[in-house]
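Undergrad: Residue numbers (this note's numbering), protein chains in the order written: chain A, 1 to 93; chain B, 94 to 393; chain C, 394 to 786.
Source of the hints: derived by calculation from the structure; they are not laboratory data. Keep in mind it's a predicted model, so treat the numbers as computed, not measured. Misleading hints may appear alongside valid ones.
Listed next, the in silico DSS-like pairs over lysine-lysine satisfying Cα-Cα at most 27 Å (straight line) [stated by the list, open to error]:
id, chain 1, residue 1, chain 2, residue 2
1, B, 165, C, 662
2, C, 581, C, 662
3, B, 160, B, 311
4, B, 350, B, 376
5, B, 158, B, 350
6, B, 158, A, 51
Letter by letter, the chains look like this.
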Amino acid sequence: MKYWREPLDLKDIRVPHGVIHILKERCKGCGWCIEYCPRDVLAPSDEINTKGYHPPHVVQADACVSCGLCELLCPEFAIYVEETEGEVVLYER
Amino acid sequence: MGIEMQGYRLDKTMEQHEEAEGWVDEIHGTHPMDDLLRTDRLPHIWCPGCGLGTALTCFLSALRKSKFDLDKVVVVSGIGCTGRVAGYVRLDSFHTTHGRAIPFATGLKLGNPALKVVVFSGDGDLVTIGGNHFIHAARRNMDITVICVNNFNYGMTGGQAGATTPVGGVTSTSPYGNYEYPFNVSALAAASGAVYVARWTVLHARRLERSIHEALLKPGFSLVEIISPCPTGFGRRHKQREGLDTLHYYHEHGVIKHGADPRETDIGLSGALVEGKFVDLDKPTFLEQRSRRLAQALEK
Amino acid sequence: MSDKTHAGVLSGEFFMQGDIACAEGAICAGCRFFGGYPITPATEVAQWMSERLPVVGGMYIQMEDELASMNAVLGASWAGIKAMTATSGPGFSLMMENLGLGIMMETPCVLVNVQRGGPSTGLPTLVGQGDMMQARWGSHGDYAIIALAPSSPQEIFDLTIDAFNLAERYRTPVLVMTDAEVGHMTEKVVIPPPDEIEIVPRRKPTAPPGEYMPYYVAPGEWVAPMAVAGDGYRIHATGLTHNEKGYPATADDSSQWPLIQRLIDKIEKNRDDIIVLEENGLDDAEVAVISYGIAARTAIWPMQMARAEGIRVGLLRLVTVWPFPDAAIYDLAGRVNGIVVPEINMGQIVREVQRAAAGRTQVISVPHPGGGIHDPYKVLDAIRRAAGRKVEV
Ligand SMILES: Cc1ncc(C[n+]2csc(CCOP(=O)(O)OP(=O)(O)O)c2C)c(N)n1
Ligand code: SF4
Ligand code: SF4
Ligand code: SF4
Ligand SMILES: [Mg+2]
Chain A
1 MKYWREPLDL
11 KDIRVPHGVI
21 HILKERCKGC
31 GWCIEYCPRD
41 VLAPSDEINT
51 KGYHPPHVVQ
61 ADACVSCGLC
71 ELLCPEFAIY
81 VEETEGEVVL
91 YER
Chain B
94 MGIEMQGYRL
104 DKTMEQHEEA
114 EGWVDEIHGT
124 HPMDDLLRTD
134 RLPHIWCPGC
144 GLGTALTCFL
154 SALRKSKFDL
164 DKVVVVSGIG
174 CTGRVAGYVR
184 LDSFHTTHGR
194 AIPFATGLKL
204 GNPALKVVVF
214 SGDGDLVTIG
224 GNHFIHAARR
234 NMDITVICVN
244 NFNYGMTGGQ
254 AGATTPVGGV
264 TSTSPYGNYE
274 YPFNVSALAA
284 ASGAVYVARW
294 TVLHARRLER
304 SIHEALLKPG
314 FSLVEIISPC
324 PTGFGRRHKQ
334 REGLDTLHYY
344 HEHGVIKHGA
354 DPRETDIGLS
364 GALVEGKFVD
374 LDKPTFLEQR
384 SRRLAQALEK
Chain C
394 MSDKTHAGVL
404 SGEFFMQGDI
414 ACAEGAICAG
424 CRFFGGYPIT
434 PATEVAQWMS
444 ERLPVVGGMY
454 IQMEDELASM
464 NAVLGASWAG
474 IKAMTATSGP
484 GFSLMMENLG
494 LGIMMETPCV
504 LVNVQRGGPS
514 TGLPTLVGQG
524 DMMQARWGSH
534 GDYAIIALAP
544 SSPQEIFDLT
554 IDAFNLAERY
564 RTPVLVMTDA
574 EVGHMTEKVV
584 IPPPDEIEIV
594 PRRKPTAPPG
604 EYMPYYVAPG
614 EWVAPMAVAG
624 DGYRIHATGL
634 THNEKGYPAT
644 ADDSSQWPLI
654 QRLIDKIEKN
664 RDDIIVLEEN
674 GLDDAEVAVI
684 SYGIAARTAI
694 WPMQMARAEG
704 IRVGLLRLVT
714 VWPFPDAAIY
724 DLAGRVNGIV
734 VPEINMGQIV
744 REVQRAAAGR
754 TQVISVPHPG
764 GGIHDPYKVL
774 DAIRRAAGRK
784 VEV
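Let the sequences and hints guide you as you build the complete structure.
TA: Next up, the structure:
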């Protein structure tokens with residue numbers, strides 16, 4: 001995350017981090033999660049599930065800020081984020 | 094009743110059922126929403142790129158936040174792709190006939206006022222064939238929340254025109270472009286007396302979720318209109334082959350105007366797609382009106 | 394809103410209109426929800442309910458039409474309340490689709506049809522019995538139905554209670570097929586004290602949530618116990634063909650067969666429990682009159698005249714019209730020279746009588762298009778013909 005000036009308390013700011021889980025067999029490959037992830041965490045994969053769709057895969061695991069948008073947007077209940085504890089992880093976009 | 098039984102049950106035991114119908118955790122895995130879903134019925138029947146799953150997720154997420162006792166929440170649907178929602182929620186749920194979800198829900202609510210009754214159905218179901226029930230439930234300020242997924246057509250039956258199809262909309266029954274004036278679902282609800290009216294596209298999922306949450310908590314007739322892609326029935330006839338194309342359209346055309354006059358929020362095939370919370374007012378509900386009136390009349 | 398409270402429930406002797414007796418019968422039976430739409434000659438049921446239900450802790454609502462009324466009744470029943478609606482011809486037609494929903498979801502409720510002359514708007518204020526076949530077959534698809542036909546205000550009262558009990562026992566909508574004549578007739582009605590009225594309560598599941606399947610019918614039973622909304626079972630009910638879980642099962646006919654067969658058999662195979670017939674003077678009869686509702690009542694006078702002429706005529710009154718009493722009529726047909734069927738339609742139930750009689754005796758229809766009761770001499774002539782007497786024209 002880029003700040004216009006570095007906050008004095010930067011060390012104390014806790015940006016949540018998330019771990020993404022993909023339930024590949026539920027995915028219908030609509031690509032919504034990939035398109036609207038604000039942190040470009042996801043990308044299409046070459047993998048094909050039993051129904052013939054390409055589920056997404058995580059390409060920038062560290063970048064996920066656990067915003068939950070992919071989970072809310074996914075029409076298939078196929079992706080969700082688990083917020084992880086602790087670490088302050090700041091990234092340049 | 095002296096009777097002999099002869100083969101009315103499917104020759105399956107309960108366990109065989111579970112096996113036949115799912116509970117295939119190993120394949121599906123689990124999702125945080127699973128406890129609110131009839132996971133033994135997933136994956137759902139909706140097309141890839143259909144917005145209905147997102148609309149449902151936003152509803153379930155809002156429902157969870159509302160902290161209602163989930164054993165007292167009932168979902169009623171009519172017929173249509175949207176109407177299948179009732180069959181996927183792990184709640185008391187009723188899949189009624191085409192257009193009749195609202196009167197069924199009315200009976201449920203009046204039969205047991207302790208229930209939180211939600212109608213979740215399509216535009217064709219709620220304002221075309223069921224339009225009369227829609228306006229009358231709003232007029233009465235009946236204590237129900239109505240979630241109307243508007244995809245501008247009859248998805249389930251193959252993309253026909255309905256009362257919400259914009260002028261010019263090409264559907265399987267308006268091959269030369271629709272020439273009827275459409276209903277504006279939100280304006281219809283507002284004009285009929287709804288105390289809460291909001292409209293969001295599925296792309297604005299967070300705001301949609303918040304509006305559903307507000308609507309659920311609002312006493313009286315609340316309506317949330319969800320604009321949702323139907324690539325199969327409508328999108329592909331309007332240069333939106335994929336659901337994602339329609340989301341892009343929402344992104345480009347969506348204009349958030351809270352408090353907008355619902356009469357100025359008509360939806361066309363192009364131009365601004367006005368979203369937001371249009372109505373939020375307080376008015377005694379049907380049940381409150383009834384109690385007051387009866388208390389005055391009967392307790393002399 | 395419990396159906397066990399007797400506060401405000403009437404008992405005693407009254408001089409009461411048929412429609413009102415219907416409403417009071419419903420209240421005695423535990424009905425605490427009425428959703429309806431005004432229509433002559435059933436309006437008085439709604440009017441009376443609007444006044445009485447709030448007093449007994451019930452809920453009345455005038456819906457926007459009869460489609461809505463039928464659905465509101467189903468919804469209320471699924472909320473655990475005994476529920477009813479009342480209508481006449483045009484409204485009965487509008488209720489047909491969702492009567493089917495009630496049958497498919499196995500929803501106990503009562504639908505009263507105070508019949509008037511039809512088709513269409515027909516004769517709004519005048520009697521008819523032209524909806525008898527619609528009662529049997531009016532909704533699409535295959536099913537069985539229970540329909541009762543009262544002949545007096547007292548019987549409307551009694552049969553409305555029976556209708557609620559049958560609805561609960563067989564988890565199905567039950568029809569009370571009365572008519573403008575009986576509905577608008579005012580006579581003595583005796584309402585017994587509440588504790589003398591048998592009331593069948595809703596059978597609830599005992600299995601814990603998770604083990605209960607809403608449409609699993611245990612061996613030896615015909616219907617499943619019924620969990621309703623709010624009971625914690627998180628049930629699903631649909632008008633689609635469904636399996637024991639209540640889930641749609643529409644891929645092939647594997648659920649359709651057992652479901653439809655059971656929906657039919659739960660009624661057809663329990664005819665002995667359901668069917669009520671009233672016999673009058675049939676023991677020595679050479680001619681039988683088979684009728685129902687007001688037409689059975691107006692057949693009494695011509696039957697008396699025929700008896701005075703020496704014709705041994707008796708009456709079989711169909712208190713239950715559906716399921717049809719095939720066996721009783723087959724038996725009767727073997728004992729008499731002829732059967733006469735007066736009814737205020739152009740010949741509906743007479744076809745069933747013919748079918749059940751299976752050619753064992755002649756069956757004579759005495760039709761009436763509606764708008765009035767039979768000319769007694771027409772019925773008398775038919776009795777004479779059935780007895781083989783000469784009929785002067
Ligand atoms: C009485 C009746 N008429 C017609 C139909 C056929 N039918 C099923 S769904 C549907 C349209 C559903 O449209 P909508 O409510 O917009 O739902 P969607 O599929 O678009 O979500 C129709 C016409 C029916 N089931 N019942
Ligand atoms: S939670 Fe947010 S940041 Fe993380 S993958 Fe999903 S959309 Fe991207
Ligand atoms: S949004 Fe869901 S269904 Fe669509 S690609 Fe992502 S995981 Fe798959
Ligand atoms: S037809 Fe349309 S509304 Fe129905 S599931 Fe497919 S995309 Fe969704
Ligand atoms: Mg639609």
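Undergrad: Hint by hint, say whether it matches the structure.
TA: Consistency of the hints with the structure:
1. B:165 x C:662: violated (37 Å)
2. C:581 x C:662: violated (36 Å)
3. B:160 x B:311: holds (14 Å)
4. B:350 x B:376: Holds, because 23 Å separates the two Cα atoms, which is no more than 27 Å.
5. B:158 x B:350: holds (25 Å)
6. B:158 x A:51: The hint is violated at about 33 Å.
In summary, the structure is inconsistent with hints 1, 2, 6 from the numbered list given earlier, while agreeing with the others.
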